[in-house]
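Chemist: Sequence:
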Amino acid sequence: MLKRVLFVLVAALALAGCQKESGFSVKTGESGGYTYEYVTNDPLKVRVYTLKNGLKVYLSRYEGEPRVYTMIPVRAGGKNDPANNTGLAHYLEHIMFKGTASFGSLDWDKEKVYLDSIEHMFNQYARLKDEKEREAYYKLIDQVSNEASKFAIANEYDKMISEIGGTGTNAFTWVDQTVYINDIPSNQLDNWLQIEANRFRMITPRLFHTELEAVYEEKNRSLDNDYWKTYESLFSGTFPTHPYGTQTVIGTIDHLKNPSITEIKKYFDTYYRPNNVAICLSGELDYDKTIAMIDKYFGDWQSNEQLPEWKKIEEAAFQAPVVKEVIGPDAEWVHIGFRHEGRTNEDYQKLRLLDMVLSNSQAGLIDLNLKQQQKVLEPVSMVEAMQDYSLHMLTGRPRDGQTLEQVRDLLLGQIDLIKKGEFDDWLIDAVINDLKKNRIMASEQNYSRANDMMNAFVYQMPWQQYVSEIEALRKYKKEDLMKFANDMYNDNYVVVYKRSGKDPNAQKVDKPQITKVALNKESKSAFHETILANKVEKLKPVFLDYEKDIQKLTMKPGIDVLYTPNTENDLFMLYYLSDAGTNNDPRLQAAVEYLEYLGTGDLSAEDVKKEFYKLGSNFGVFAAEDRTYIYLEGLNENMEKSVELFEKLLAQAQPDDEALRNMIDGNFKERDDQKKDKSAILWQGLLNYGLYGPQSPFTNVLTNKQLRELTSAELTELIRGFTQMQHRVLYYGPRAGKELVALLEKHHQVPERLTPVPPAVNFTMADMRQPSVYWADYDMVQAEIVFLSKADTFDAARIPATRLFNEYFGGNMSSPVFQELREAQGLAYAAFASFNTADKPLDNDYFFGYIGTQADKQPESMKAMMKLIQDFPRSEAGFDVAKNSLLNRIESERITKADKLFNYETARKRGLTTDIRQQVYEEVKNMTLEDVANFQKQNIKDRKFNVVLVGDRDKLNLKDLQQYGQVRELTLDELFGYERPIKVAAEKPQ
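Numbering (my numbering), first residue to last: 121 to 1110.
Keep in mind the hints are simulated off the structure, nothing from the lab.
Just so you know, not all the hints are guaranteed correct.
[As the list claims (entries may be wrong)] List of simulated lysine-lysine pairs, BS3-like, C-alpha gap at most 25 Å:
hint, residue 1, residue 2
1, K1017, K858
2, K660, K1003
3, K668, K1029
4, K676, K768
5, K796, K628
6, K672, K377
7, K768, K795
8, K660, K270
9, K176, K252
10, K636, K259
11, K1017, K636
12, K540, K377
13, K409, K668
14, K1003, K655
15, K672, K866
16, K270, K259
17, K540, K730
18, K858, K672
19, K795, K668
20, K658, K1003
21, K176, K386
22, K495, K825
23, K176, K495
24, K495, K655
25, K628, K539
26, K1045, K987
27, K866, K789
28, K1064, K1045
29, K252, K636
30, K597, K540
31, K270, K858
32, K631, K539
33, K232, K409
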């Protein structure tokens, strides 16, 4: 039976991959005057071009919406930084957003004089050792920088990208690469290429000292992040002589405080050359026209014939485990790392298999032996792929009373099982099929396609190797994996114990004094004007028609079935969606978790997971505040068997008292850990307290006592009641509607009459008539601050102005919030704001503003944010950018596939019957800056605000907080509500 199921799975995946013949051969093609390489049977249909100057171009055409996802990778990252000047690649990434001689400047010739002086001054600054001398000299740098800023046009790059409808503008630097990202309308490809070609020709370190302060803030954020500190410790232990471990991408504090613009320019001149760069595009593009455009704008870019050849630094083998320790306020966990060869080495493929045999989220050894059996909290295996080496990581958190050393031994014990061959014979084939299915799912996203092409370039992987590597895994047998484990896994690991406590070696980058710089927001360069003047064929927006785009069927006994066909591949998604969530019954959260540990009458919980994995399917249940989602995903070929097993589990889940006791014990430990998590304290505890007060959807949870009193009988009754309650079905897949309904009526076990959804507890936002400041103490360098203001109840008529206000005020790098707080004053690395629309008709909208800053900048940061909130910053140029950006984005946006269903559900929840984007588009076309100003005046200005923040009591200025309202420190018990009894409406079964 098992062999037949796996055979069907392999056959279905081959069909989904659209392979007409076996084999992946490299072929050469010629079209439009350009030669390219391609690989037969490549589902992404990638063409790889190489221009005469060495520039690599990867193109993948994917239809669905008229947009193109763009990545420009440079093969230079943290490992290429000089050992005495770390952080250069990352600094350069920031500077690449500052413009060139052509854009970003009012008068380049005059500005250049100042910029050259600033470069010389920073070189001199780095030579000074006396702190008083350095402080005095930095004031001179600040003065000259302020003069230079009078010639700068801040964020002109981002403004141009926004105006052409670009989104997701970003970049990242890692050990091997620096990558620049955008998502643009396909009709703006020519404009985008013009902008990028100019951008990659030269760097201009304008507004350098305020951007330097942003990098300082980024460094301080990493010093506040226990996970990142542990990660760096693992790398330093695993790579004691290679730059992967001897230096960090962001750089040392000493190097950050002594930046050299001259060295950054040298780095740019060396590595930012066409023979070290690629352009990776996926989306609705024409191959011939696109490569011609790229050649037009990038073809004359001069290559570097003396490009340094990177030579891998060989690491010596470990003779014994390396033990490291990191201390910080967050909860405890353990990282174990094994060093392996790089991404393109054949051993990486065995590592990939071994990693999935250990942990595939369903039927891996770690999944079943540690997570399913509740022996470790959050155990996982993962691989960090890099060019020179790869890192295999095992991670887990301890249960109550468990030591980190015991967690280590349990994780390592799973590798021992592979060494001895103590895993199912079918698992390797199932893992390979799972990898193939995941690649098919990923290929539905332009981001994933572009990301795959980017990685192939960075790791110097022939595209043929990428396309064929999953099928190539089939040559490995169980014995190969056993041998690999025995050869590669011994006492040659690094273990990092993350322990809770105060870090005795805590560091921070101190802030320099900075004078607010000029931004010249109303100005445009001649290059910018040229881009705006370019005529492009306008795209017509396409809006959903819920009556046509979603088929509405009915199954017995009157259950709505919402259906959208999948015409692309053989995958399906099936959801049972109920309007009952934790606000209706807080026990639902425990019930959906409990289901993970249950079997049926003839199948153990472990067997259930294995059977789903064999079928290439996965299931899950998720309880939100006002919804419960029960979902099943997988291959259409095995859908009926999957639904049958799924329904069997829901209807016949067997109580397991031991599993329940272990789950509750784990919940107690997780609750304790959550109180040590800065993100949970701010974004869950404080945020909800600021909006609602002590009673909120977040604190509507069972107390520890109520949790302990739960019984297996009542939770299994809740589980069996999921499908007995009123619900609807959402389906995206290749089956015809009638066939789907017939399958569901055969297997979906429901009563003749569904029970109604129980009443929910409704939570109303606090009135905020008396402004309050709520804060929590946490051992950290930074302060993270959120401003909150309650607005009126939901009104669909307000949505168009809301969207335009958000785009203008705090939505991107050209917004006043970002420009003023980061660009002009260097007060924060992260700053943003938005007016949030309620999800339901009777709920309130609210304003939200965030700033993450050094604790000693708290008063001035809060003052600057409040000034922006109350004194609406007017900029006609900024408004034009926001308006054009929003309209262009809507024109090129297409809601497709399963997203149609969830867009409809979002509208339905708000009481809407049409696609709101159409109303937004029609109204925004006629809006002016005055309309946005009036929106701010009516909905935000002069409203009362609550402020919430998290920071170290010894670093915060508590006295300054008093001007914003009554200041109150909140305890963790108040924030999380685990000790405050709540009402459970449903009775326990007798």
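Chemist: Checked against the structure, which of the hints given earlier come out wrong?
Modeler: Violated: hints 6, 7, 8, 9, 11, 12, 13, 19, 23, 24, 25, 26, 27, 28, 31, 32 and 33.
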